[in-house]
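S.K.: Residue numbers (my numbering), protein chains in the order written: chain A, 24 to 378; chain B, 24 to 378; chain C, 24 to 378; chain D, 24 to 378.
Among the hints, a few may not be true.
Chain D side only, calculated, beta carbon under 8 Å to chain B, not exhaustive [what the hints assert, rightly or not]: (1) Leu-211; (2) Ala-213; (3) Ser-244; (4) Tyr-286; (5) Val-326.
Derived pair list, reagent style DSS-like, types lysine-lysine, alpha-carbon separation capped at 30 Å [unchecked claim]: (6) B:Lys-317 to D:Lys-228; (7) B:Lys-233 to A:Lys-233; (8) D:Lys-233 to B:Lys-233; (9) B:Lys-54 to C:Lys-54; (10) D:Lys-233 to C:Lys-233; (11) A:Lys-233 to B:Lys-228; (12) C:Lys-228 to D:Lys-228; (13) D:Lys-56 to A:Lys-54; (14) A:Lys-317 to C:Lys-228.
These are calculated hints, taken from the structure and not from any lab test.
All values derive from a computational prediction rather than experimental measurement.
Glycine included, every Cβ here is placed at the ideal spot set by N, Cα and C.
There are 4 protein chains.
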Amino acid sequence: MTDTVQTAVIGVTGYAGAELARLLLHHPRLKGKPPVFAGRLDEKEAARGGTPLIEIHPHLGGNNGASGLRMEPFTWELLTRWNVDVLFLATPHEQSRAWAPAALERGMRVIDLSGAWRLTEAANRAVYAFEDDGSAQAVATQAKAVYGMPELYRSQIAGAELIANPGCYPTSVILALKPLVAAGLLDLGAGIIADSKSGVSGAGKAPTAKTHFMYAADNLSAYGVFSHRHTGEMLEQIGLAAGQLVFTPHLLPIPRGILSTIYVRFHEAQTRQSIAKIYQEFFAGSPMVRIYEKTLPQIQYVVRTNYNDIGFQLDASGRRAVIVSCLDNLLKGAAGQAVQNMNVVLGWGESEGLE
Amino acid sequence: MTDTVQTAVIGVTGYAGAELARLLLHHPRLKGKPPVFAGRLDEKEAARGGTPLIEIHPHLGGNNGASGLRMEPFTWELLTRWNVDVLFLATPHEQSRAWAPAALERGMRVIDLSGAWRLTEAANRAVYAFEDDGSAQAVATQAKAVYGMPELYRSQIAGAELIANPGCYPTSVILALKPLVAAGLLDLGAGIIADSKSGVSGAGKAPTAKTHFMYAADNLSAYGVFSHRHTGEMLEQIGLAAGQLVFTPHLLPIPRGILSTIYVRFHEAQTRQSIAKIYQEFFAGSPMVRIYEKTLPQIQYVVRTNYNDIGFQLDASGRRAVIVSCLDNLLKGAAGQAVQNMNVVLGWGESEGLE
Amino acid sequence: MTDTVQTAVIGVTGYAGAELARLLLHHPRLKGKPPVFAGRLDEKEAARGGTPLIEIHPHLGGNNGASGLRMEPFTWELLTRWNVDVLFLATPHEQSRAWAPAALERGMRVIDLSGAWRLTEAANRAVYAFEDDGSAQAVATQAKAVYGMPELYRSQIAGAELIANPGCYPTSVILALKPLVAAGLLDLGAGIIADSKSGVSGAGKAPTAKTHFMYAADNLSAYGVFSHRHTGEMLEQIGLAAGQLVFTPHLLPIPRGILSTIYVRFHEAQTRQSIAKIYQEFFAGSPMVRIYEKTLPQIQYVVRTNYNDIGFQLDASGRRAVIVSCLDNLLKGAAGQAVQNMNVVLGWGESEGLE
Amino acid sequence: MTDTVQTAVIGVTGYAGAELARLLLHHPRLKGKPPVFAGRLDEKEAARGGTPLIEIHPHLGGNNGASGLRMEPFTWELLTRWNVDVLFLATPHEQSRAWAPAALERGMRVIDLSGAWRLTEAANRAVYAFEDDGSAQAVATQAKAVYGMPELYRSQIAGAELIANPGCYPTSVILALKPLVAAGLLDLGAGIIADSKSGVSGAGKAPTAKTHFMYAADNLSAYGVFSHRHTGEMLEQIGLAAGQLVFTPHLLPIPRGILSTIYVRFHEAQTRQSIAKIYQEFFAGSPMVRIYEKTLPQIQYVVRTNYNDIGFQLDASGRRAVIVSCLDNLLKGAAGQAVQNMNVVLGWGESEGLE
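Here chain A stands alone, though its shape is the one from the complex (with noise of 0.2 Å):
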């Protein structure tokens, strides 16, 4: 199948949309066929349909070819006409809700980079409050979904139709407890704190006052406390119920990158010996995650890599731990993962591309 690939990206504008792109560009596989490219849907993006890509992403000039490419004016015809296999939707949620299932129906795979596939529970739903919610064809193509975290769900990602690829925060949280919640070491009943930090990408490339340099620089904030979206995301995929997961995301004053330090008490004494080999067994297989037995990881050591690093570090009593947790969203948190899950659909080398 390798040489007959054919990829493309609805919504490249944005930041997650860039880093798909350069991975696209640069991964082994699909050297011989460049993906499509094409903005969000839009009045304001289809009339870009001709923009070179590189006077939107200058910094993706001159990489391997990309100096030819333009941004596309989308149609379905255009897609259907391209023989494109895997589609990627790095679109607002409400975009994928309607195309997600237009592209399965024309026999394309879906890789899912937003919100709109996620969620099982309607209840966790509610936040993003989708107008199709419960119609016929939502709930057909929420069946065909699968969560696009190959940590977990390696085998149903194989050959699956339709990605929904993690949110960033939960990411970097969910790699981090599924391990200890499998094990069943976790008292759950004592609560789990997931305190967050994210650079300033995370907050999308439209010029905001939150996203402004004078807001960003030299501060932090909190945000979306016990309100944040991506909770219910954590709990599904942890298997949590509510109240059992506290989740505080902060503005970093960096370009990229998450930390997450999470707090958690074992029912019983651990030792370092005894969590390292939970992790390094769970994660057996999985190249992407680093296990780091001694030291706590950074921010600075997983940015622009595809790398969920993750330490921790035991109270005397061996009954509390603090884990802390790292990626960088664009990349784990996104692109990176998107490409991830690619490989994995295609049967590839799961970190092809991505080193």
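For chain A, the structure is supplied; the task is to place chains B, C and D on it using the hints.
M.R.: Showing chains B, C and D alone in chain A's frame:
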């Protein structure tokens, strides 16, 4: 006059307006009469009448009673009723063109922070494309305007009705060059280069692609090469012909501060002592300019002060010099210099409320 | 007493020392008598006697005559001769252990910014490994020490001989938690999490691998997990048993500011109003604490102020809360609080010289 | 030759060394033979023999097997036994003076990143004060050295034994000016100004007062005015006499990247087209230089690439131009250019392993 002075600020929502508010609230001569504040006079701002000042600028909270102040729904009647003596316009150029005459007519003194009244030559004003340029009212108003740089025009400012507060870049360049030009030392035919770098607050509070954290952080960019509208202001005040000065501004990834690196040639060889003497004599009696005789100033030395720091280095021949001139673009480059002008206008100590 | 108070600062070369110098030079009650400054008393610093203060801290230049001040080559005789009333020690812990008693003996009041005299329990002091711990002099000196947090110990501070100025992290955490603990609201068995983030000035002026721009910029890292020496100070002052509080500090890529995100559980459901009332009543009469009833504070609101801002958010059940507490680590977290303590000791207005 | 090339890096602990390690580990032509690494050869570094590479540079972990590599306790015997073909010296100038001849003697090709062998004129070398300057060995070694800028000396570099890899600032300035000087367009008598700004990685990994976050952040400072040792390198390579170029470096508050703003005068009026043509023709066949014909490059466009981007703007008369030249100081300004040189030396594609 001291205990009866009432000030007002129009355009308090921007960065310069916020600094003005802070300075006026703490000014020792204004303690009895808190200033009056209003936003810019477009519809959106007008609707803000009644908004507590600390909602717009939370960092002003707790400062000597700022917590009780509100944005007022502006009308000329209100200003008249409050007996405003000194009106600060931190407004867009076009608004200042209309409002300065209106305020002068009502007997207020005006300190305008925009570029509306800084330029005496029509050729230099052309970049602003003022619609009323050449009208009788505009000509009459311009005739009343004094360029608000106390180090050059202290006596004219004292008692003036309308002060055209200088631009941020021009302040740093004019103060560095005027003493040398006045002394006749510079070989103007050889040309002067002013390579200036400014923090992001200079780009204004409106969220734009260029003020987005992701654009400004970890970056440096030149802009307005050979075309920045501050050039004319420098030519007029230093006394240069077009083409004798090349000015290149750059956007620095810091909140505030300007550093201008200026390259000049002398007719004859100079010494460190001869140049230091020129500066010291020129700025004798100017409390807000500091001359460095041995080292060079840096942005960190002037941020959050009203000082303009000047240092220099000569080459081995004594025929060339590099001059470094620094200021805080929101203080000596805007609100601080406006307060300094108010002090001179009213006969108060020039640096009162500025240390 | 006002017009006869003479202050001195030992350890003026560091960041806290520089802030102290700035505050004391501008303090309205100290105008007649400029403070005396000396560096830390190791050989290198002693050699600095005579160094103008503005060579060490250029940003102090021009501030009300700081330009004439010099570092003095310290001896006790000099301090005695100058009749120093209040001695600030911005010195390393070990030096403060030796020097506070020496100064008390000579009749000076001492405000010590180090950790030397903050802890009353030997178990908590163990992390400092003071060589003189348990000696008669140390016991006697500790007995005189008052923990310098006016919001908790105003009456004890008034007239005290020795003030142990609080740590930066503890100030932000204690002020946020003490009112709730005092009111008996917290379920201490459930544990409290304090996830704190500090700017780089908190790491001191010594150039190290961790204060290198390349390490700190664009990064975030946790450190001292379960082992930071500020933990004991929090336990003692809040009134918690070991294990009831988990404290995790992080290094932020900003110059100054601390934000602590604190997670608590209540015995019974609370409301926004009930919690606001607790805070407002506790801090009535405390001018340097600001309570946010609707929004959350951010670092940018407190930087370069002596305020500690506190905001909070309750979950839907009213049984859990996230509290956000911010301060400037060099002001309310160090030099500002030291001046606040001096004001209380001497019976002056608590916020004089701090606004 | 491809499949037998063995590389080694001395001085892998610094920033340039780390970039070299990363590039060589990923170089498509070196996959069979991982490079050998050693630290700088002082006592402290030597003791580091055996240290895993990822302990020194954690961000290299997980990259194609870097995790197994260790710092070797260097001896010449080891290098000989490993049959090292190409030796990279990322060492201090003095060490490179001694070690380049030693390596050449043993039949290795040497690519030296220091300033040891860049300068042919004794007057320009004086700033380095090499102890061995003028010795027979130094003269013989210098005679073998080729200045490692493929855009200027591609044919001489092919097959050279010793490459003097250019300095970071000089690369940005020489590439911008050489085409114009070679075309005879510049009025050299009018003088050229190169106002350069560099990120902090250019100042090296040693923690110093100037690399402290608190010094560099939120700041900008000029240094080495009229005295920076990169000046001689520019004069020699561009072909200028002393005094025809003024070079002023500044320290930017960013991790990496250099932007040079260069001011020139032409003998005759030029057009955008005429200048673009000069550049395009000069750099035809040079894959690592990008010419901007409409806009200006920025640091963010070149960071983490090996490109040198050049743009320009003419004044209305066509007689003056401002040229903006950008690169990543650790890549095109150091390690990237070193790999580019290796590619040319060995007859490989010039940009292999650099995209």
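S.K.: Just to be careful, I want the Cα atoms of Lys-317 (chain B) and Lys-228 (chain D) compared with a cutoff of 30 Å; is the pair within it?
M.R.: holds (28 Å)
S.K.: Verify the interface restraint on Tyr-286 (chain D): the C-beta must sit less than 8 Å from at least one C-beta of chain B.
M.R.: holds (5 Å)
S.K.: So if I understand the rule, the pair passes when the alpha-carbon distance is 30 Å or less; does Lys-228 (chain C) with Lys-228 (chain D) pass?
M.R.: holds (17 Å)
S.K.: Mind checking the alpha carbons of Lys-317 (chain A) and Lys-228 (chain C) for me, to see if they're no more than 30 Å apart?
M.R.: Given that 30 Å is the threshold and the Cα spacing comes to 28 Å, the pair holds.
S.K.: Is the Cα-Cα distance between Lys-233 (chain A) and Lys-228 (chain B) 30 Å or less?
M.R.: Given that 30 Å is the threshold and the Cα spacing comes to 11 Å, the pair holds.
S.K.: For the pair supplied as a hint, Lys-56 (chain D) and Lys-54 (chain A), is the alpha-carbon distance within the 30 Å limit?
M.R.: holds (25 Å)
S.K.: Assess, step by step, whether the Cα of Lys-233 (chain D) is no farther than 30 Å from the Cα of Lys-233 (chain B), and give holds or violated.
M.R.: Holds - the C-alpha atoms of Lys-233 (chain B) and Lys-233 (chain D) are around 29 Å apart, at most 30 Å.
S.K.: Under the criterion that the straight-line Cα-Cα distance not exceed 30 Å, is the pair Lys-233 (chain D), Lys-233 (chain C) satisfied?
M.R.: It holds: about 14 Å lies between the C-alpha atoms, which stays within 30 Å.
S.K.: Tell me if the interface restraint on Ala-213 (chain D) is satisfied: Cβ within less than 8 Å of some Cβ in chain B.
M.R.: holds (7 Å)
S.K.: How about Leu-211 (chain D): closest beta carbon in chain B under 8 Å, or not?
M.R.: violated (13 Å)
S.K.: Val-326 (chain D) was flagged as interface toward chain B. Is the shortest Cβ-Cβ separation under 8 Å?
M.R.: holds (7 Å)
S.K.: Is the Cα-Cα distance between Lys-54 (chain B) and Lys-54 (chain C) 30 Å or less?
M.R.: Roughly 20 Å between the alpha carbons, so the hint for Lys-54 (chain B) and Lys-54 (chain C) holds.
Going down the numbered hints, you'll see the structure goes against just number 1.
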